[in-house]
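Undergrad: Protein chains in written order, with my numbering: chain A, 1 to 187; chain B, 1001 to 1090.
Hints are computed from structural coordinates only; laboratory data are not their basis. You may find that some hints are simply not true.
[Said to hold, decoys possible] Among chain A residues calculated to face chain B with C-beta under 7 Å, some are:
id: 1; residue: P9
id: 2; residue: D18
id: 3; residue: F25
id: 4; residue: L46
id: 5; residue: G100
id: 6; residue: H101
id: 7; residue: K103
id: 8; residue: E114
id: 9; residue: P118
id: 10; residue: L119
id: 11; residue: L128
id: 12; residue: N166
id: 13; residue: F167
id: 14; residue: W168
id: 15; residue: I171
id: 16; residue: H172
Where is the CB? At the ideal position from N, CA and C, for every residue including glycine.
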Amino acid sequence: MASTSVPDPQQWVGLYADYLYSYAFARLDNEEQARDLVQETFLAALEKLDQFRGNSSERTWLTAILKYKIIDVYRKKNSGLQTERVDREPELEFFESDNGHWKEAYSPQAFGIEDSDPLANKELTSVLQKCLRKLPSLWFSVFTMKHMDDLATEMICKELKVTPSNFWLIIHRAKLNLRACIQKAWL
Amino acid sequence: MSAIKKIIYNCRHATYLIEKRQHTPLTLKERLQLVIHLSGCSVCRLFQRQSLMINRLIRGLFHDTNAQERKLDDDFKREMQRKINERLTK
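Please work from the sequences and hints to get the whole structure.
TA: Encoded structure:
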């Protein structure tokens, strides 16, 4: 079968290395780890060239391999940490324990840019990146897999060994912390 | 306060539902709780707007990797190319 979508590994570094590196770095925030995963991705892909089906682009195929490697890093980083993290009630930092009302000091205040295009705001982008770095590792992993990669909840729970109810607590906590961190830096 | 009121006036619970709703459909009961809470709580309405803004920001940031492109070190690339070629000729 004549096909234009035969993989051409000779070209991979030139065509995809920077893209894959950016992708990995955004999710790991670690240059060395991101770099190594790009290399591992290429080498793993070489081993399974025969599995490449022309129905996705080379880049998509390589990204999928990289994605699994990133999940693997998350899994290793988070194994054994869950119970300690989830048993505490960090929401109590933000809400009154008796009635669940916002604590005065943490109550959301308008940033003044809620309805504008947030991406146009470089300063906001860099604040967000700093705040993401402050999240505990498990929260960051869960949050990233859900928000950046749109992975199914069941898959995230399975890979990171989190129960569904803890999953929603983590999603909630991560956002509360992220929003509070942005508010602190922004106002 | 009755149990139902306690839930309806609870911002902690409301923000939890706001986050959950962004990823999965809420039950009818949860939807009602949230609608009633938001109709009377401007702080949580603001939280919701900011939360959605943060989502847009994150999506944009990481989906459009071109906007954020980082460059991999040239030496590392050369070395990687060498390893690939080596395996291809094996």
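Undergrad: Against this structure, judge whether each hint is valid.
TA: Comparing the hints with the structure gives:
1. P9: 6 Å, holds
2. D18: 5 Å, holds
3. F25: 5 Å, holds
4. L46: Result: holds, 5 Å to nearest chain B Cβ.
5. G100: 3 Å, holds
6. H101: Where the cut-off is 7 Å and the nearest Cβ of chain B is about 5 Å from A/H101, the hint holds.
7. K103: 10 Å, violated
8. E114: 4 Å, holds
9. P118: With Cβ-Cβ at 4 Å, under 7 Å, it holds.
10. L119: Nearest chain B Cβ about 4 Å off; hint holds.
11. L128: Result: holds, 6 Å to nearest chain B Cβ.
12. N166: 13 Å, violated
13. F167: Because about 9 Å separates A/F167 from the closest Cβ in chain B, which is outside the 7 Å limit, the hint is violated.
14. W168: 5 Å, holds
15. I171: With a closest approach of 5 Å, the A/I171 hint holds.
16. H172: 5 Å, holds
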